[in-house]
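Undergrad: Here are the chains, one letter per residue:
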Amino acid sequence: MDALAPLVLIALLAALPGTVAAQGKPSSAPAAASPAHGQPAAPAAAAAPSSAKPPAKTLPAPSPAQAPAAEHPEPPARPVRFVVVLNPAHGGADGGARLSSQLYEKDLVLTLAERLRIALAAHSIPVTMVRISDVDLPVLNRAQMTDHARAAACITLHATTSGSGIHLFTSSLTGIPMTSFLPWETAQGAYTPQSLRLSSEIGTVMRHDNIPVTQGRTALQPLDSFTCPAVAVEVAPLIHSGTATPLSDPAYQNRLVNALAAAIEQWQQDWKKEP
Amino acid sequence: MIPRHQRVLFWILLVGSVAMAVVIIRMRERAHDRMLTASDTMPLNPPAQSSAKSVPLMIANDLTGGVHEEEQEMALPADPNARARVILQHLIADYAQPASKHPISPNNGAENIYFIPLPKQDGDAGGVMAVVNLSGSFAAAHPSGIEPETLTLLSIIGTLRLNFPQLTQVRFLVDGQPRETLAGHADLTRVYLASESPGVKHL
Numbered sequence: 001m002d003a004l005a006p007l008v009l010i011a012l013l014a015a016l017p018g019t020v021a022a023q024g025k026p027s028s029a030p031a032a033a034s035p036a037h038g039q040p041a042a043p044a045a046a047a048a049p050s051s052a053k054p055p056a057k058t059l060p061a062p063s064p065a066q067a068p069a070a071e072h073p074e075p076p077a078r079p080v081r082f083v084v085v086l087n088p089a090h091g092g093a094d095g096g097a098r099l100s101s102q103l104y105e106k107d108l109v110l111t112l113a114e115r116l117r118i119a120l121a122a123h124s125i126p127v128t129m130v131r132i133s134d135v136d137l138p139v140l141n142r143a144q145m146t147d148h149a150r151a152a153a154c155i156t157l158h159a160t161t162s163g164s165g166i167h168l169f170t171s172s173l174t175g176i177p178m179t180s181f182l183p184w185e186t187a188q189g190a191y192t193p194q195s196l197r198l199s200s201e202i203g204t205v206m207r208h209d210n211i212p213v214t215q216g217r218t219a220l221q222p223l224d225s226f227t228c229p230a231v232a233v234e235v236a237p238l239i240h241s242g243t244a245t246p247l248s249d250p251a252y253q254n255r256l257v258n259a260l261a262a263a264i265e266q267w268q269q270d271w272k273k274e275p
Numbered sequence: 276m277i278p279r280h281q282r283v284l285f286w287i288l289l290v291g292s293v294a295m296a297v298v299i300i301r302m303r304e305r306a307h308d309r310m311l312t313a314s315d316t317m318p319l320n321p322p323a324q325s326s327a328k329s330v331p332l333m334i335a336n337d338l339t340g341g342v343h344e345e346e347q348e349m350a351l352p353a354d355p356n357a358r359a360r361v362i363l364q365h366l367i368a369d370y371a372q373p374a375s376k377h378p379i380s381p382n383n384g385a386e387n388i389y390f391i392p393l394p395k396q397d398g399d400a401g402g403v404m405a406v407v408n409l410s411g412s413f414a415a416a417h418p419s420g421i422e423p424e425t426l427t428l429l430s431i432i433g434t435l436r437l438n439f440p441q442l443t444q445v446r447f448l449v450d451g452q453p454r455e456t457l458a459g460h461a462d463l464t465r466v467y468l469a470s471e472s473p474g475v476k477h478l
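Chains as they are written, first to last, in our numbering: chain A, 1 to 275; chain B, 276 to 478.
Hints listed in this document are in silico derivations from the structure and should not be mistaken for laboratory results. Even for Gly, the Cβ is constructed at its ideal location relative to N, Cα and C. Any given hint could be a false lead.
[Said to hold, decoys possible] Distance windows between CB atoms, simulated: (1) B/Q396 <-> A/N258: 48 to 58 Å; (2) B/F390 <-> A/N254: 26 to 36 Å; (3) B/Q347 <-> A/S124: 54 to 64 Å; (4) A/R98 <-> B/Q347: 26 to 36 Å; (5) B/S380 <-> A/T174: 27 to 37 Å; (6) A/N258 <-> B/L338: 49 to 59 Å; (7) A/D270 <-> B/A374: 49 to 59 Å; (8) A/N258 <-> B/S326: 55 to 65 Å; (9) B/N387 <-> A/S124: 55 to 65 Å.
[Stated by the list, open to error] As a list, the in silico SDA-like pairs of lysine to any residue whose alpha-carbon atoms are at most 25 Å apart: (10) B/K376 <-> A/D270; (11) B/K395 <-> B/R446; (12) B/K376 <-> A/N210; (13) B/K376 <-> A/R81; (14) B/K376 <-> A/I125; (15) B/K376 <-> A/P212; (16) B/K376 <-> A/R197.
So here's chain A without its partners, still in its complex pose (with noise of 0.2 Å):
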């Protein structure tokens, strides 16, 4: 039994709430549990127990960027293998936006993943999904599905009827510093920087196939608990002197899927060439 009790306190520890494990750390906690609504995902992304939840917010708070992480000497190493996680947004009773009469965001963001798994895989990229069918995951076990797949590049997939082209959104948080137990609701800081790369890497394909693109920051859940480089790819009309191509449009669908598919190769390059 006492050779047993380091090992008990390290699994509470990790089981804390408000923390997570970073990327090379991973939480002890069980994860089996399988996602919600009894809808397989891919099967690295099983759900850790959805009772674990993020401490309540409290108010005044000045930024989720300056709250302070945990003190922690030995940062997170990389993840042996290169792994994608898609994740495309709303599902279930939650629509997203109505892009047209027939067509909701959810439908068409599941598409997008869908065939940009089949492209990734023929690149020999592996991919986690982490929702294939049409279902509603709650914010929090999408972040736990996506941190425990210890991805190299985590894509939120979003669509929109307003502006043009593509929209490639990072975290609003600033940067905190990498440590193996990261603060819940701005883990994401921490990654802050390769997550702009990743970004960029993006909108350069992107430009590269004459597709308009916007860069920007923003609050967005579950996107700043995320323990990965992480990029909400948010899809639009693309307007080209004054005439729209619609999202529904085969052809621009193809455009958008091959040219997220060339950008996450890149990075993949990218990644192999770190140290």
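Assemble chain B onto chain A, guided by the hints.
TA: This is chain B only, laid out in the frame that chain A set:
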């Protein structure tokens, strides 16, 4: 036979009762008139001495994915809370125009804005938090999407910051209640720093 003094007493009491009833009815009518005057909901006329002045607004543009400064003429009340409300109503009315680059259906917009002084902390001069209470109709009519929602918040925060330089933080409510998102995306549960510069750029 009723004695004479009893008949006199009867008539005196009857006349007294009628007189008291008339007085009570009259008092009730006057109280009713006072209540109606107090609850008059007709809009007040703008103050005659208030002249229109140029006010900077941060206008969002969906196509460029950014916000830019524009000046508009408007008459403003002296009270800071009322002034902020009028400014935001002009801003949101601008988005309801047919040629708007950030279209939002006409609605009430900002119901109220309250300025709350923040306590001074160690090495911090304190500051002011603005609590912006948006109407439910505004949130319901707002286009759904990360970019349009983020631009709206940046536009409101930037406009308040330009007109109230002492502002340090902004918090959003909808119909007086905390809400997860504006229209499904932008997080309304957090407190925004007024110094946060517009974070969207066009490439």
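Undergrad: Quickly compare the C-alpha distance for B/K376 and A/P212 to 25 Å and report which way the hint goes.
TA: holds (16 Å)
Undergrad: Given the hint that B/K395 pairs with B/R446, test it: the Cα-Cα distance must not exceed 25 Å.
TA: Cα-Cα ~18 Å, so holds.
Undergrad: Mind checking the hinted window 26 to 36 Å against the Cβ distance between A/R98 and B/Q347?
TA: holds (32 Å)
Undergrad: Starting from the range 49 to 59 Å, see whether the pair A/N258 and B/L338 falls in it by beta-carbon distance.
TA: violated (24 Å)
Undergrad: Given the proposed pairing of B/K376 with A/R197, does the C-alpha separation stay at or below 25 Å?
TA: With Cα atoms ~29 Å apart, B/K376 and A/R197 exceed 25 Å; violated.
Undergrad: Should the hint that A/N258 and B/S326 are 55 to 65 Å apart at their CB atoms be regarded as holding?
TA: Check passed, 59 Å falls within 55 to 65 Å.
Undergrad: Should the hint that B/Q396 and A/N258 are 48 to 58 Å apart at their CB atoms be regarded as holding?
TA: For B/Q396 and A/N258 the Cβ distance comes to about 52 Å; the hint holds.
Undergrad: Honestly, do A/D270 and B/A374 meet the 49 to 59 Å range at C-beta?
TA: About 43 Å separates the Cβ atoms of A/D270 and B/A374, which means 49 to 59 Å is violated.
Undergrad: Are the Cα positions of B/K376 and A/I125 separated by 25 Å at most?
TA: violated (40 Å)
Undergrad: Would the hint linking B/K376 and A/R81 be met if the CA-CA limit is 25 Å?
TA: violated (44 Å)
Undergrad: Check whether the Cα positions of B/K376 and A/D270 lie no farther apart than 25 Å.
TA: Violated, because 38 Å separates the two Cα atoms, which is more than 25 Å.
Undergrad: Does the beta carbon distance between B/N387 and A/S124 stay inside 55 to 65 Å, or does it fall outside?
TA: Roughly 57 Å apart at Cβ, these two residues keep to the hinted range, so it holds.
Hints 2, 6, 7, 10, 13, 14, 16 from the list above are not met by this structure, while the remaining hints are.
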